[in-house]
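If you read the sequences in order, they're chains A, B, C, D and E. In terms of my numbering, the first sequence opens at residue 1 and continues consecutively. In terms of my numbering, the second sequence opens at residue 1 and continues consecutively. In terms of my numbering, the third sequence opens at residue 1 and continues consecutively. In terms of my numbering, the fourth sequence opens at residue 1 and continues consecutively. In terms of my numbering, the fifth sequence opens at residue 1 and continues consecutively.
Hints were generated in silico from the structure; no laboratory data involved. Please note that the accuracy of each hint is not assured.
[As the list claims (entries may be wrong)] Under the rule of at most 20 Å between Cα atoms (straight-line distance), these lysine-lysine pairs were calculated in the PhoX-like manner: (1) C:K18 to E:K15; (2) C:K39 to B:K39; (3) D:K39 to E:K18; (4) C:K70 to B:K18; (5) A:K39 to D:K18; (6) B:K39 to A:K70; (7) D:K18 to A:K70; (8) B:K39 to A:K39; (9) E:K70 to C:K70; (10) B:K70 to C:K70; (11) B:K15 to C:K15; (12) A:K18 to B:K70; (13) B:K70 to A:K15; (14) D:K70 to E:K39; (15) A:K39 to D:K15; (16) D:K39 to A:K70; (17) C:K15 to E:K70; (18) C:K39 to E:K39; (19) D:K39 to E:K70.
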Amino acid sequence: MQFGRVIGQVIATQKTGKTTGLRLLIVEGLDESLQSTGKCITSVDTVNARHDDIVLVCSSSSARMTAQTKGVAADNAIVGIVESVSAGKKNSYRR
Amino acid sequence: MQFGRVIGQVIATQKTGKTTGLRLLIVEGLDESLQSTGKCITSVDTVNARHDDIVLVCSSSSARMTAQTKGVAADNAIVGIVESVSAGKKNSYRR
Amino acid sequence: MQFGRVIGQVIATQKTGKTTGLRLLIVEGLDESLQSTGKCITSVDTVNARHDDIVLVCSSSSARMTAQTKGVAADNAIVGIVESVSAGKKNSYRR
Amino acid sequence: MQFGRVIGQVIATQKTGKTTGLRLLIVEGLDESLQSTGKCITSVDTVNARHDDIVLVCSSSSARMTAQTKGVAADNAIVGIVESVSAGKKNSYRR
Amino acid sequence: MQFGRVIGQVIATQKTGKTTGLRLLIVEGLDESLQSTGKCITSVDTVNARHDDIVLVCSSSSARMTAQTKGVAADNAIVGIVESVSAGKKNSYRR
């Protein structure tokens, strides 16, 4: 999984692959220090994430392993909201 | 998923993997500001996308989760037409 | 899918994963203008591609969605021969 | 698989995809000489790895092939603790 | 698939995902001219490859399509030993 920050939303029409009704959020990738990687992805939200939330994004076929994304044409999904990150002594985050 | 813009079409013969009859479009990758990433992919169209449409492309095995691509040798597919994008205040798009 | 040009062949022995009997070709990656990307892959041929043919290569689990590659340890496969490419006005190819 | 070093831990709430109860560790990628690649990933732990352990990380759908990650929304998992690495004469590691 | 050269071995303990008993080899990636790409991966051996052998490595879920790797947490596997490579006139290899 990778870290990300919710920065926007996408509205799409004429959707296929059972994506109708799912929220599509724009997530800015973050490294382990929660600094931006400069890359964004469009992700299906399965946790009711809000703007600016630090989230966990799961990619590939594993993105379909949630109740909301089963059988869905989603190549990644937000599967958790990050509460805290502790990496050594210098990097830490608490929501 | 990633954003893309439809810029062309591919005709192929001697196709295998149940791709016969499917439209193959050339999609220019776009970032979250809908600026070109400089990379293009060839994608199966499942939404009747037109030239210049801003679309959502789904990759990997999830590309097979539409009625048209089930069991098909497609490693990515156009699964939606983007209606609007809102990322913070500065980036926005409305079809 | 991505474009490629057939530039060579690989003979392997002691193969596992039901790849015995399948042709393995070396494919030079091409961009949407059919210019070399500088990257080559070894691909299972499912369309009887010939040397110099412009082909479509399908990656990941979708490469197993052909009659020849079902259940085979192939992470990509040639699934079509490109007849024509039209991207805007400047890029076009006809076989 | 790739090598990594456990450098931290992530606590997430509102998790979906059956990830509840699983340990999420931050793993710094290592090359074959066990030097840092500069890239970190968040990985599900299936071997009770400890801080500073050199581990093996498995990606993509294969990450779900353990008892703990079956059907779980995990795109990678720690599946082994490295005991020794021998690459030629110059690179070697013993735990 | 990609080419590689066997350059070392990994011993891991506390393995999960049915990898117990499988040989894990370090494989240096090679391009189509069999020159090093500078990247190594750790791969499950299914062909009894020896040190310095030129091998074919299969990635992603297709790595599980061998008798030895079925249901195993292996994201890539050595599935063949390269006997010869012919790419145009200038690149050729015979074991």
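Between K70 of chain B and K70 of chain C, is the straight-line Cα distance small enough, at 20 Å or below? Since the Cα atoms of K70 of chain B and K70 of chain C sit roughly 14 Å apart, the hinted pair holds (cutoff 20 Å).
- Item | Holds or violated: K70 of chain C to K18 of chain B, with C-alpha atoms at most 20 Å apart | holds, 13 Å
Hinted pair, alpha-carbon criterion (20 Å max): K39 of chain D, K70 of chain A. Please report holds or violated. violated, 30 Å
Quickly compare the C-alpha distance for K18 of chain C and K15 of chain E to 20 Å and report which way the hint goes. With Cα atoms ~27 Å apart, K18 of chain C and K15 of chain E exceed 20 Å; violated.
Is the hinted pair K18 of chain D and K70 of chain A satisfied, with a Cα-Cα distance of at most 20 Å?
-> holds, 13 Å
**Item:** Satisfaction of hint between K70 of chain B and K18 of chain A, Cα-Cα up to 20 Å
**Value:** holds, 13 Å
Restraint status (C-alpha distance of K15 of chain B to K15 of chain C at most 20 Å): violated, 26 Å
Problem - Hinted pair K39 of chain D and K70 of chain E, Cα distance within 20 Å - result: violated, 29 Å
Check your understanding: Within 20 Å, alpha carbon to alpha carbon, are K39 of chain B and K39 of chain A?
Key -> Roughly 14 Å between the alpha carbons, so the hint for K39 of chain B and K39 of chain A holds.
(message) Between the alpha carbons of K70 of chain B and K15 of chain A, is the straight-line distance 20 Å or under?
(response) holds, 16 Å
query = If you draw a straight line from the CA of K39 of chain C to the CA of K39 of chain B, is it 20 Å or shorter?
reply = holds, 14 Å
Problem - Pairwise hint evaluation, K15 of chain D against K39 of chain A, where the allowed Cα distance is 20 Å at most - result: Measuring from Cα to Cα gives roughly 23 Å; hence the hint is violated.
When held up to the earlier numbered hints, the structure conflicts with 1, 3, 5, 6, 11, 14, 15, 16 and 19 and fits the remainder.
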